[in-house]
Amino acid sequence: MKALKILLILLLLGGASAATVMYSGIVNVAADEPHSDIVYWLLEETREASIKKSAQHIKVPDLESPELLLMGGADYEYMCSSCHLKPGLEESDMSIGLYPQPPNLSISHETHQHGTDEELARKNFWVIKHGIKASGMPAWGKTHSDERIWAMVAFIKRLPTLTPEQYQVLTAID
Amino acid sequence: MKTNFIKTVGKIALILVPAITLSMNASAHDPKMHAKKAEKADCSKMDHSKMDMKDPVAVAMMKKCMKQSKSSMEKMDHSKMKEMDHSKMKGMDHSKMKGMDHSKMEKKEN
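Chain order of the listed sequences is S and D. Oh and the first sequence: position 55 is 55 in my numbering, straight run, nothing missing. Oh and the second sequence: position 26 is 1026 in my numbering, straight run, nothing missing.
Isolated chain S, as found in the complex (with noise of 0.2 Å):
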């Protein structure tokens, strides 16, 4: 009995605490004002092991289709690039203003993506489909088919190897 009502205290006392530290606005939410370490660390982990979990039975379809990479690619020049940027494209105003700052997925994946190509190409469509909560990443699966978010990924997965002209011809429309 002694233990339930000390439980409930706690349990009052961490309510409290919280509350005081919500309304209390103390909390800076400002995106030019970056997270500690301590807490960017929590929520990426977070987000990785989340994204890792729900990804893995997702069946990957062959990404080596040209029709895939012509699709995909008009899809991320309106739709990703102003983001995570393409060839020739090093910063914009969305990757540099937006916490956390969007992956620059020109780049090769190994410099900053752990994971065989399956895993990743699975993580990406589901990133893709679902969104990532509070980050600025949109759910494309609500106005998008998965045919169509698998032509990204495909697109995705190539980016890092083109060039700007390549760029250019793949993106542009017909």
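Derived by calculation from the structure, the hints in this document are not laboratory data. Possibly wrong hints are sitting among the right ones.
Unchecked claim - Selected chain S positions facing chain D (in silico; Cβ < 7 Å):
| # | residue |
| --- | --- |
| 1 | LYS157 |
| 2 | LEU170 |
| 3 | ASP174 |
Backbone N, C-alpha and C define an ideal beta-carbon position, used for all residues, glycine too.
On the provided structure of chain S, position chain D as indicated by the hints.
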């Protein structure tokens, strides 16, 4: 006293206004970046000799450029081309026109 105050304010404004204007221009982005224009594929820089036709990127680029070329050909008004007066086309080097199938060419009757 009042004149001095106005002079001081004037001097400050003279320094601040250009400084603020210049600094705003320096930090502002180029508005052209927001005007996304639909661009046609620039196929002129494609070097076919260096292209590996087993590479999906090369095949995709070829497809895009062929489709664009076909589309622009279709937009040309060929009906008006029958009235072309070939006799006025001086300087054409027919010796270089290899591979032309003359049997398919419409003969102009005078």
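For which of the previously enumerated hints does the structure constitute a violation, in increasing order of number?
The structure breaks only hint 1.
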